Amino acid sequence: MLANYFAAAIRNLLRNRAYTLINLFGLSLGFAAATLIALYARDEFSYDRFVPNHDRIYRVGEIIEPPGRSPMRLSVTSTTDAEALKLAFPEVEAATRLIPSNLRLSAKQDNEGATLASFWADPSFFDVFPLSGVAGNLANALSQPDSLVLTRRAARQLFSREDVVGETIRVGPDTVMRVAAVVENFPSNSHLNGEVFLPGAASFSPLVTLTAEQRQPGALRSENAYTYVRLRAAANIHDVRSRLGAFTDSHVSGSVNGTPIAKSYTFTLTPLADIHLQPRSIGDIKPPTDVRVLHALIAVAVLILVVACGNFISMMTARASRRAVEVGVRKAAGATQRQIMIQFMGECLFYALLALLPAVVAVELVLPAFNGFLRREIAFDYLTDPRLGLGLIGLTMLTGLAAGAYPALYLSRFKPNAVLRGTALTPQSSRARQSLVVAQFAILIALLVATFTVNRQIHFAIEDRLRLPTDQIYLASEALGCPSSFTDAIPTLGRVKAVTCVSGSTLGFDHISVNFVSPHGGGNVNGRAAQIDYSFFDVFGIQPIAGRLLSPQFGQDDLLRKDPATADNPTVVVNEAAARALGYSSPADAVGTFARWQRLSFMDGRLQFQGQSSSKIAAVVPDFSIGSVRDVIGPTAYYIDPTVSARMVFRFDGGSVQQSLESVRELWEKHSSTAFQGMFLDQFVNALYEDVLTQSAIFTWFSAVAVVLAALGLLGLAIFTAERRTKEIGLRKVMGARRTDILLFLGWQFARPVLWANLIAWPCAYLVMQRWLQGFAYHTDIGILTFVIAGALALVIALATVAGHAMLVARAKPVEALRYE
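For what it's worth, my numbering labels the leading residue of the sequence shown as 1287, then goes sequentially.
Treat the hints as calculated values from the structure; they're not laboratory data.
The model shown is predicted, which means the values in this text are computed figures rather than measured ones.
It is possible that some hints are incorrect.
Label-pair restraints from in silico Cβ distances [as the list claims (entries may be wrong)]:
{"no.": "1", "residue 1": "Leu1695", "residue 2": "Val1652", "range": "30 to 40 Å"}
{"no.": "2", "residue 1": "Pro1338", "residue 2": "Asp1449", "range": "21 to 31 Å"}
{"no.": "3", "residue 1": "Asp1667", "residue 2": "Glu1749", "range": "55 to 65 Å"}
Straight line, CA to CA, 16 Å or less: simulated EDC-like cross-link-like pairs of lysine to aspartate or glutamate [to be verified]:
{"no.": "4", "residue 1": "Lys1956", "residue 2": "Asp1939"}
{"no.": "5", "residue 1": "Lys1783", "residue 2": "Asp1560"}
{"no.": "6", "residue 1": "Lys1372", "residue 2": "Asp1413"}
{"no.": "7", "residue 1": "Lys1783", "residue 2": "Asp1849"}
{"no.": "8", "residue 1": "Lys1572", "residue 2": "Asp1939"}
{"no.": "9", "residue 1": "Lys1783", "residue 2": "Asp1750"}
We treat Cβ as the ideally placed atom computed from N, Cα and C, and that holds for glycine.
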């Protein structure tokens, strides 16, 4: 019996080649798209699970919530926290710290060298992260102040080989270190990206120097180290977390305006495998992913399979008239409904398994380009990974059963006498096919709306909000500093419009606080300090809303350059958010008033709060940030403080950007032996929105897949409809219908379900995308035009798909349709 079923399936497959091709291509395309999304989602959810005992490793983070400000998440902590946690919690078996480094490394025979992703690490790093070693002894590889560890990739890049234990490397301008060990490369699904691990035990390591500064009496707490702890096997993480509040009170010292700093701090312990799935934090090594987006992509994969299954069901039920006689004869010969159902379900499973083969080939061909775009190392190891192989087969069988259930039930219910009378087909089958088409195009329209919305939000974040020539603004590395001898020589180049020296807090790379006393009552206003120089507003094209910008013509503006140790405050420029928070009804009301505020200053080698003093508000400027549109721009105070402004920012002439950059680099090499490094603002912004750009590309690709699938289904349905209505069309032409009338008649038959699909897709897409946009503090709006364009595009796709076949039918001679009547 099974042999007969198989033979019937092959015979039906070969007899209806066009329908078979549409069915198999649609299913294969759906399987391939869903598999790629599943591989991407699996990779996202598998971050850092390769580390042994990853379930016992936690990253220490902080949430800082100053009075009157929204909370800030930090993935970095103080360099003193690791040791304090180990002393305070017996459950902590080991603790380690990392601090990024941008030192240039070169082998002895390579004078040019390279800047690799490097970290200063404690000797205990490989106790907490027991990585696989390639050569050398990892147990004490970082215990010596002149030893370092390379990954396999770094060893090949620096020495063109891997057996490099004992070789020496020049680190920075004049430090020589020895390679103590080589470890395996970090996979792409790790939140760490280290290639070189430098000895934190060295006396000049920032782990040593910053810890010494933090332990000075009266030192202000600063966060600049990644801290990880490994708990003992029997430790209870909930118990540890419940005692973090008491640890904060005892460990975080100091106060601001009489309020203990500890009241603003909350320590967090994030499981290693969950770091990549957390909300964005200041200092993230790699941008995390948004779990909601992953769930949305999984939903897209399911929807694509639904569209592919809808095509299959439409085709199977549409061809029912060709199989009705077969079913009638089999039932007349004694076949039961159950046997008929098994036959057709078996056929559907056979088609699904047949479609899996080209889908696997397609994934194999597309995956290298997919990996290249995502910069990942996603493997399609279905032969060696039983879960993946069984998952593919299970998904295929589930899809085949789901797609075949209705056609099998529908076909098996045919009555032999109804078949012989020609009344086996019912209007319900036609309505079911129409409903499937409506559902398919509703999914397509919703995906188009999502794609348009994501692209509009990207354009808003990168172009509309900044309104800057981001490819002409260059952010130099903070390690270069801001030497006045160099910046004073910049005007001689002629190709640089302006150069400014700013702090990391100004650009949003870190956060330095200021505290204002509201002149209208309501307590203190906490804000961001933006230390700048006179040319900052020129570089970023910021014009005041009211008042004047900082100028060398006013001595109070440059107070801190003349006397860095003064307790007085310089003239300040505030943004709109600060003016509102201070209680001013308009920007003009704030200008010229004196504000009492407290700032951080860099004195005796560390940051510390000065006492409160008053200074004039010279201007109010628009809220501005080159940071993410996810974050609200809070109150910001711009003032001149050369002791903190240690990062150069250049604005080049738009006509010769690369030549200008080379001129600056050549001038720098005359002033310093340190390599000139940095990035353009557009590179920084693209990195900032890397996840959104990736989402946009993925939504665009898979929306295109949905378009193809929907078009395939409509094409098959058009072919069937034309066959079923050949005589009707012939009669219409005999009765005087013109070719245009026939085209309009057929066009309306296929346009109607698309119009109904809009009614379903629009509200669903609006609710989903409105929720997605709420994850941004500043976002575009979903205008009605977005929905109209998506609906119109779906209608054009539908009409274009059936236009060719409709034209052939409309041009057919009536005699060809009626000659058998």
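A quick look at each hint next to the structure:
no.: 1; hint: Leu1695 with Val1652: 30 to 40 Å; in the structure: holds (36 Å)
no.: 2; hint: Pro1338 with Asp1449: 21 to 31 Å; in the structure: holds (25 Å)
no.: 3; hint: Asp1667 with Glu1749: 55 to 65 Å; in the structure: violated (41 Å)
no.: 4; hint: Lys1956 with Asp1939; in the structure: violated (22 Å)
no.: 5; hint: Lys1783 with Asp1560; in the structure: violated (45 Å)
no.: 6; hint: Lys1372 with Asp1413; in the structure: holds (14 Å)
no.: 7; hint: Lys1783 with Asp1849; in the structure: violated (29 Å)
no.: 8; hint: Lys1572 with Asp1939; in the structure: violated (32 Å)
no.: 9; hint: Lys1783 with Asp1750; in the structure: violated (23 Å)
Checked against the numbered hints given earlier, the structure breaks hints 3, 4, 5, 7, 8 and 9 and satisfies all the rest.
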